[in-house]
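Trainee: Single-letter residue listing:
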Amino acid sequence: MTAIATIRIQDADFDIAQEIAALGKGRTDIGAVVSFSGICRGSENGEPIAALTLEHYPGMAEAEIRRHAEEAMSRWPLSGLTVIHRVGRIRPGENIVLVVTASQHRQAAFQAAEFLMDYLKTSAPFWKREESARGSSWIEARDHDDAAAARWTKS
Amino acid sequence: MKVKYFAWVRERIGRAEETIEPPADIRTIGELIDWLAGRDEASAYAFEKPKVIRAAIDHAHVQQDAAISGAREIAFFPPMTGG
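Read top to bottom, the protein sequences are chains E and G.
All you need for the working numbering is the position in the first sequence, starting with 1, plus 7.
All you need for the working numbering is the position in the second sequence, starting with 1, plus 1.
One or more of the hints may lead you astray.
To be verified - The calculated SDA-like cross-link candidates involving lysine to any residue, where the alpha carbons are at most 25 Å apart (straight line), are:
#1 G:LYS52 - G:ALA68
#2 G:LYS50 - E:ALA154
#3 G:LYS52 - E:ALA148
#4 G:LYS50 - E:ARG149
Claimed, not checked - Okay, the calculated beta carbon distance ranges per label pair:
#5 G:ASP35 - E:HIS151: 30 to 36 Å
#6 G:ALA45 - E:ALA28: 48 to 54 Å
#7 E:GLU138 - G:GLU18: 23 to 29 Å
#8 G:TRP36 - E:ASP36: 51 to 57 Å
#9 G:TYR46 - E:GLU138: 32 to 38 Å
#10 G:HIS62 - E:SER44: 23 to 29 Å
#11 E:ASP22 - G:SER70: 43 to 49 Å
Hints in this document: simulated from the structure, not taken from any laboratory.
Backbone N, C-alpha and C define an ideal beta-carbon position, used for all residues, glycine too.
This is chain E alone, in the form it adopts within the complex (with noise of 0.2 Å):
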């Protein structure tokens, strides 16, 4: 069976055990699913925040994340793959962004979800903007995500 890729850009939060379920209903071959799902923290280098506010390209962001989806699905043998990642207002302990690969062996579903983690965090086109009582701005990227993004770059 072909591993096919569910990608959604949402609003609303999402089941992380309703989108693991889906992935594996009416399916005998999978032996493993591995589960990420990135939640907003209540503090930003040690100042609290009040909501996370994300923004995104639409179109572009989808386009993105399934090119991804596609080399991963290339790299590893993955029985499905599902990646959300939620936009606009985000409160402290909320949701973010969930991948959910599943294979026939663990070792697969693990490296594909970390794979995906590191390019959604340095490629896919969202931004985030953080409030607290200083007001609002804009998250800057960081060095080590680009650094855990490269160690994936094939040479």
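Place chain G on chain E using the hints.
Mentor: Then chain G, alone, in the frame of chain E:
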């Protein structure tokens, strides 16, 4: 061609998108950034550090030496912070 701006690039320029007709001698993304920055104060502020600005042509990331001919939609934005 249509140009879109995101995050603080959008805020500094003061609009999310516009249609532009750059002169024929503007051939690359880098040259387009310089041309846009020279239009007014808001654009100059948005593009004051051109090396920081990321660009996409028709929904795909490009470098600043990329040719703009044939582009339908060009986007400028800061480094991404999703995930």
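Trainee: If a hint holds in the structure, say so; if it doesn't, say that too.
Mentor: Hints, verified against the model:
For a cut-off of 25 Å, the pair hint linking LYS52 of chain G to ALA68 of chain G stands: about 17 Å separates their Cα positions. Between LYS50 of chain G and ALA154 of chain E the CA atoms are separated by roughly 22 Å; this keeps the pair inside 25 Å, and the hint holds. Of the supplied pair hints, the one linking LYS52 of chain G and ALA148 of chain E holds, its CA atoms being roughly 14 Å apart against a limit of 25 Å. Between LYS50 of chain G and ARG149 of chain E the alpha-carbon distance is near 17 Å, which keeps this suggested pair within the 25 Å criterion.
ASP35 of chain G and HIS151 of chain E have their C-beta atoms about 31 Å apart, which keeps the hinted 30 to 36 Å range intact. The hinted window of 48 to 54 Å between ALA45 of chain G and ALA28 of chain E holds, with their beta carbons roughly 53 Å apart. A beta carbon spacing of about 25 Å between GLU138 of chain E and GLU18 of chain G agrees with the range 23 to 29 Å that was offered as a hint. For TRP36 of chain G paired with ASP36 of chain E, a C-beta distance near 55 Å keeps the hint of 51 to 57 Å intact.
At about 23 Å, the beta-carbon gap between TYR46 of chain G and GLU138 of chain E misses the expected band of 32 to 38 Å. Take HIS62 of chain G and SER44 of chain E: their Cβ atoms lie about 26 Å apart, and the range 23 to 29 Å holds. Take ASP22 of chain E and SER70 of chain G: their Cβ atoms lie about 46 Å apart, and the range 43 to 49 Å holds.
Checked against the numbered hints above, the structure breaks only hint 9 and satisfies the rest.
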